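Novice: Just so you know, the protein sequences line up as chains Z and W, in that order.
Every letter in the first sequence is one number past the one before it in numbering that gives the first Met the number 0, and letter 284, counting from 1, is 283.
Every letter in the second sequence is one number past the one before it in numbering that gives the first Met the number 0, and letter 14, counting from 1, is 13.
It should be emphasised that the hints constitute simulated quantities derived from the structure, not laboratory data.
Remember, predicted model here, so these are calculated numbers, not experimental data.
There could be a bad hint or two in this list.
Unchecked claim - Computed spacing ranges between beta-carbons, pair by pair:
(1) Z:G256 - W:L73: 31 to 37 Å
(2) W:G55 - Z:A378: 43 to 49 Å
(3) W:V156 - Z:L150: 44 to 50 Å
(4) W:L137 - Z:G256: 43 to 49 Å
(5) W:L69 - Z:R156: 37 to 43 Å
(6) Z:G31 - W:G55: 30 to 36 Å
(7) Z:D63 - W:L137: 27 to 33 Å
(8) Z:L150 - W:G146: 30 to 36 Å
Glycine is no exception: its CB is placed at the ideal position from the N, C-alpha and C atoms.
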Amino acid sequence: MTGPTASAGRRALWRVSATPAASALLAVVLIGAGMLARRPGPVLVGVAVAVGLAWAWALRPPRDGEVVLGLDAGPAEGGRIPITIAIDAPPGVDLVHARLDLLGAPYPDVVLDPATARRLAASVPILHSGPQELASIAVRTVAADGVESSLPADPIRLRRTIAPRFEAIDVLPLPGRLTGLAGAHPSARPGDGGEFHDIRPFAPGDRLRRIDWKATARLATGRGELLVRRTNSTADATILIVLDSRDDVGERVADWGRGSATGKGLSSLDVARSAASAVAVGYLRAGDRVGFHDLARPHRVVAPMAGSRHRERILRAVEQSVPAGRATTPRRPPLVPSGTMIWLFSTFLDDHAARLALLWRASGHRVLLVDTMPAPVLAGLTRPQRVAHRIVLMERADRMREAEAAGAEPLDWNAGGAAGRRAALTALARARSPR
Amino acid sequence: MNRWRELLGGRGRLRGERVRTVAARGTVELGAAVPAALVNVLWALVAAVTAFAALGGSAWLIVALILVVLGAWLPRMLFPWLFLALIGLSMLWGDPREYTPALLITVAGAHLAWVLAGVTSSIPAAARIRLRALGRPLLRFALVQAGVQAAALLVLVVVPHSAVRVAGPIGAAALIGLAVALVIPLTRRR
Numbered sequence: 000m001t002g003p004t005a006s007a008g009r010r011a012l013w014r015v016s017a018t019p020a021a022s023a024l025l026a027v028v029l030i031g032a033g034m035l036a037r038r039p040g041p042v043l044v045g046v047a048v049a050v051g052l053a054w055a056w057a058l059r060p061p062r063d064g065e066v067v068l069g070l071d072a073g074p075a076e077g078g079r080i081p082i083t084i085a086i087d088a089p090p091g092v093d094l095v096h097a098r099l100d101l102l103g104a105p106y107p108d109v110v111l112d113p114a115t116a117r118r119l120a121a122s123v124p125i126l127h128s129g130p131q132e133l134a135s136i137a138v139r140t141v142a143a144d145g146v147e148s149s150l151p152a153d154p155i156r157l158r159r160t161i162a163p164r165f166e167a168i169d170v171l172p173l174p175g176r177l178t179g180l181a182g183a184h185p186s187a188r189p190g191d192g193g194e195f196h197d198i199r200p201f202a203p204g205d206r207l208r209r210i211d212w213k214a215t216a217r218l219a220t221g222r223g224e225l226l227v228r229r230t231n232s233t234a235d236a237t238i239l240i241v242l243d244s245r246d247d248v249g250e251r252v253a254d255w256g257r258g259s260a261t262g263k264g265l266s267s268l269d270v271a272r273s274a275a276s277a278v279a280v281g282y283l284r285a286g287d288r289v290g291f292h293d294l295a296r297p298h299r300v301v302a303p304m305a306g307s308r309h310r311e312r313i314l315r316a317v318e319q320s321v322p323a324g325r326a327t328t329p330r331r332p333p334l335v336p337s338g339t340m341i342w343l344f345s346t347f348l349d350d351h352a353a354r355l356a357l358l359w360r361a362s363g364h365r366v367l368l369v370d371t372m373p374a375p376v377l378a379g380l381t382r383p384q385r386v387a388h389r390i391v392l393m394e395r396a397d398r399m400r401e402a403e404a405a406g407a408e409p410l411d412w413n414a415g416g417a418a419g420r421r422a423a424l425t426a427l428a429r430a431r432s433p434r
Numbered sequence: 000m001n002r003w004r005e006l007l008g009g010r011g012r013l014r015g016e017r018v019r020t021v022a023a024r025g026t027v028e029l030g031a032a033v034p035a036a037l038v039n040v041l042w043a044l045v046a047a048v049t050a051f052a053a054l055g056g057s058a059w060l061i062v063a064l065i066l067v068v069l070g071a072w073l074p075r076m077l078f079p080w081l082f083l084a085l086i087g088l089s090m091l092w093g094d095p096r097e098y099t100p101a102l103l104i105t106v107a108g109a110h111l112a113w114v115l116a117g118v119t120s121s122i123p124a125a126a127r128i129r130l131r132a133l134g135r136p137l138l139r140f141a142l143v144q145a146g147v148q149a150a151a152l153l154v155l156v157v158v159p160h161s162a163v164r165v166a167g168p169i170g171a172a173a174l175i176g177l178a179v180a181l182v183i184p185l186t187r188r189r
């Protein structure tokens, strides 16, 4: 399996430096002065400079020379992604000056010989899930002895989407009302299922194999009366995963303003992608119907469906979730089918997600608020910034309390690790949907 | 108050606060490489040795050393070429027939300083340079310098009486060669 590649040819725009003019003037002055004064010393220095300059000038790269850049990512190994950098410089180039960004962070400039630049190995750690820029490279080249150098060409960028790591969950809460005529969960409606519902007199339309002969012998009151055993029908649940990807904050609060891939640590969208994938796969394994809605992009809606192909569709939609520029507040809430259980993954740093939770609760949906905010690391914050962070968290806590008061059920995905999460999900699965 | 205590966890820090090590960064396998600033330092060393060889205890040595420092610090400001002009012109006052180690060091040092100035003026000092990238400039330096040293041996030792007479034609030939190398490509491009 090979990863994504990026390659492009960049025509080198050459610029003559001050070196040739200064060197030619130096050579002329030294040789001329040496000849006039009849001294071989200055002439020898002047000749060395003149010959060196003439040689370097003759070696200049062709005007229409092209620098071909290539970036190629291999399969991940040991938590890192190997990247092959290929810079094919035109003949006559002495030095290749490359400026690299790895995971969005600038790497110190490197100066290479053309042979080494043709194939250079690099690697980046896998720090986050989702779409990301693994590397970008911009190059300028220097001709022999610096007589000419090319202007830096436009960079090429290597992008890749990293799938989140998750473990499917087998204990999952269900909505208050199941839908459909078949599925994995017993419903309250009588029909063809497994769990006992009641025994009632035979009526036209009942199947003969439903007659419970033992109950008939024991309980029948009239001659010819037959009793049938009824079971609960099965049904499936409709789940809507709502992912609030309008912001992506890391655990390092000092990096919230920058959001750099290498500096922010575990991010809220890392947590959200892993959690949403785990929940979606858990329900889809149970045969339920799962839909997806991205709050940052109202047009990115995946309608609730079931099946393995749909699972792949949902997983791709989840891993493609990224903040879309400035956080926006859609005017209309997403349309939700009746009887749907809503998993809302958000940091709740603004009112929008909590407001939607209140709206859905008012419509009778069961709403789970999954807090995706990672535990904060406050190192590097000034005292005013710490106070500001506390205020932000207090406002967030108020929002979540208000939603809880309306019947939404909170779930802190990070609290207690896998065991704590399982315990919390088990408690939610036992609990009845709040009315 | 309870909310504050809840958020602060009863201490001076927020609940859940912990310290994680800074995540690993991307790496590039450069092989044998050094900071490009070391090339500037190398230029300064070569230039200083050349200055001592050419100027000895002269007062011009101070001027040359100032140019060495400025050339290492600001190579793009043409201080290296000013330094080379000073060194070259300082040889106008020597014995024209003297074949001394100081002369050979001055000629070789000035040429090497010119080659290194070409490198330092075209790359940033903050970069890291692969040592192999210096191979081509140094190879050209070695080839040109071998010819120049052979010419010095010829005119100053083998046929010393012709030193002054031969210097003229050699210099003239070099100037003509330089003019041809610079002008012909320009005319051809047009």
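Novice: Of all the hints numbered above, which does this structure not satisfy? Sort the numbers upward.
Specialist: Of the numbered hints given earlier, those the structure breaks are 2, 6, listed in rising order.
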